[in-house]
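K.L.:
What follows is the residue order along each chain.
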Amino acid sequence: MGPKSPVYEYLRYKKKFPTVWCPGCGIGTVMGAIIRAVMSLGYEKNDVVMVSGIGCSSRMPVYVDFNTLHTTHGRAIAFATGIKLVKPHLKVIVVTGDGDGLAIGGNHFIHAARRNIDLTHILINNSIYGMTGGQYSPTTPVGAFAYTAPYGNIEPDFDVVKLGIAAGASFVARTTVYHVVQMGKIIEKALKHKGYSLVDVISQCPVLYGRLNKMKSPVEMLRWQKEHTVDVRVTAKRSPEELKGKYIVGIFKDEPDMPEYVTEYQKLIDSLKEGATKR
Amino acid sequence: MQDKGKPTLIQGNIACGYGALAAGCSFFAGYPITPSTEIAEFMARELPKRGGKFIQMEDEMGSLAAVIGASIAGAKAMTATSGPGFSLMQEHLGFAYMTETPVVVVNVMRGGPSTGLPTMTSQSDTLQAGFGPHGDYCAVVFAPSSVQEVFEYTVKAFNAAEFLQTPVVLLMDETLAHMRERFVHPPADSIEVINRKEPEMPFAWFKRFEMTPDCISNFSAFGDGYRYHITGLTHDQMGFPTAVSREVTDGLEKLRDKILNHKERFTYYEKFMTDDANWLIVAFGTAARSAKQAVIEARRHRMKVGLLQLCTIWPFPDELIAELSRNIEGIVVAEMNMGQLIREVKRACPRKLPILGANRYDGVLITPDEIIHSLKVVHGNKER
Ligand SMILES: Cc1ncc(C[n+]2csc(CCOP(=O)(O)OP(=O)(O)O)c2C)c(N)n1
Ligand code: SF4
Ligand SMILES: [Mg+2]
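If you read the protein sequences in the order shown, they are chains A and B.
Mapping of the first sequence onto this note's numbering: residues 1 to 279, in sequence order.
Mapping of the second sequence onto this note's numbering: residues 1 to 384, in sequence order.
Some hints here could point you the wrong way.
With a straight-line Cα cutoff of 30 Å, these simulated DSS-like cross-link-like pairs (lysine-lysine) come out [what the hints assert, rightly or not]: (1) A/K244 x A/K194; (2) B/K197 x A/K14; (3) B/K197 x A/K91.
To be clear, the hints were calculated from the coordinates, so they are not data collected in a lab.
Hey, can you work out the whole structure from these sequences and the hints?
P.N.:
Here it is as structure tokens:
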């Protein structure tokens, strides 16, 4: 990606680089994929909003040349809800971490999914609290180590995809930083989708999660992602043993016809206007 | 819609809704809580009729977050709550302050702490409204005392929020919120409405948080063509995070000074029989109504008492207390809490005067007799 790469057009590269992220962190790869998806859809930068919470993942907005809002821990989706309702033509992308989106912000997540409000939620899932230095999160697997799980985690983890589907999101997908091409395509679909679209992106935090869980290099972590994922289209052909401990990737739900909240609210406004003119 | 110019009987909470609409509010997000819920119900009914939006969020953190998001997208936005919800909103009051986002937060006070007295009156969030969020914070808080004033101060709260680009809290109490009283909706053209300052320069020159002589910067809504960054971290004039000593200090001072520079403009109060008074009552909200009656009764007994009704609580009007205490022999601060505003009055009073509280905190409106009793004690102390 030389300085001539069109991606630079979308970065605040003269002002804000280098980033705060550690070498080998997966978050930058996700940022690249989001930008390429926005580019290929031809969105105007003025029409794109990126909202985030607090965490390493949530530092992303500072680097991209959109309307960017870095909010409080867990609440990004609620801020985004206000923006989208007031200016429905804006493409609102919400970036959260796993702690941000599922622990402190879990309530906003399930309720925004239930409303099926037109937001694109990119959940950067590194199974750890990166920014605060390596505590366990709602997606840390049982048995994994963290600084607040020094003897191994005993809490079961969330299945983000099942949670999103159950809560009512109309587009739900999972991908990984390793599957960067698939990630780009999925994010593009998520952006185009009208309704709540959730993308669970399995990412690597080599300096905390990796070090604590005997994966010393980013390369090892990416290999782990490659070896521990199964495409949703082939799961039917696999035995339960083969699927044990694996993350299924791909698109799980894509229902563009589900009623979308902002559209429904506009219908309500229009019906009241009609009522008034009839009276 | 309210018939403009015709008197009606309405609740304080409803007057608050009319005030918000008159000020141009087009977005409301909230979570139901007594005694503020009628405001949310009113907005749910009225906003969509006018093309505005109402949303019932999943909690109060989310409510104020959505309101801030709406304001960043260009709408005048409000939420309303009471004690427990107001506590949950503190982080986002700080966020709105730090990011210079105009929002109005109504807190209808009920008895606390905790769930306290949900359906009864109180003024015990007075200090919380001034100092609730963590960090150095300069609050702007207005407090009406009649249904007509609720309308007026809701408009003023929006105007101050828009002008200063900061959160403004409207403090009401349960009595005021639920009391039905005569109300006249003023004609629209008689209502002063202020809007946030908008940029006119080209995009390349725009700095959202520019240092200006009066500390007020240009506000551009998301989507209007000026792309920029907003964060709750300390930031530079462009909005990007900074930890450079000079920029941190300047940024924090700007947030405070833009409010203090305009303090006089937004300091509202009423004086009642203070010109010849030897004794002064300081009160706000419905306690000021009882205090007014106490003045009338005390005057019948030839006691020269006056009332200072504060309508701006924060920033606390020190200058006003200093000025009014000049010819005074003693002060009573009447409030429905264990003594909150009295600390400020004592701090702001430059003379050594007897200053006594008249307090009630059982959920019942303080009476004129109780205030007169405190007046007598102050009077007696002075005589001895
Ligand atoms: C209300 C609140 N509680 C706690 C914190 C501290 N905090 C900052 S980031 C974070 C967790 C970050 O983890 P995650 O959301 O997974 O993001 P990551 O850093 O891993 O990308 C916490 C607990 C905070 N900023 N605010
Ligand atoms: S701590 Fe982990 S998640 Fe945070 S930037 Fe470093 S590698 Fe990435
Ligand atoms: Mg994380």
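K.L.:
Is B/K197 close enough to A/K91, meaning Cα to Cα at most 30 Å?
P.N.:
Holds - the C-alpha atoms of A/K91 and B/K197 are around 26 Å apart, at most 30 Å.
K.L.:
Next pair to validate is A/K244 with A/K194; report whether the Cα-Cα distance is within 30 Å.
P.N.:
violated (33 Å)
K.L.:
Can the restraint linking B/K197 and A/K14 be considered satisfied, given a maximum Cα separation of 30 Å?
P.N.:
holds (29 Å)
In terms of the numbered hints stated before, the structure departs from hint 1 and from no other.
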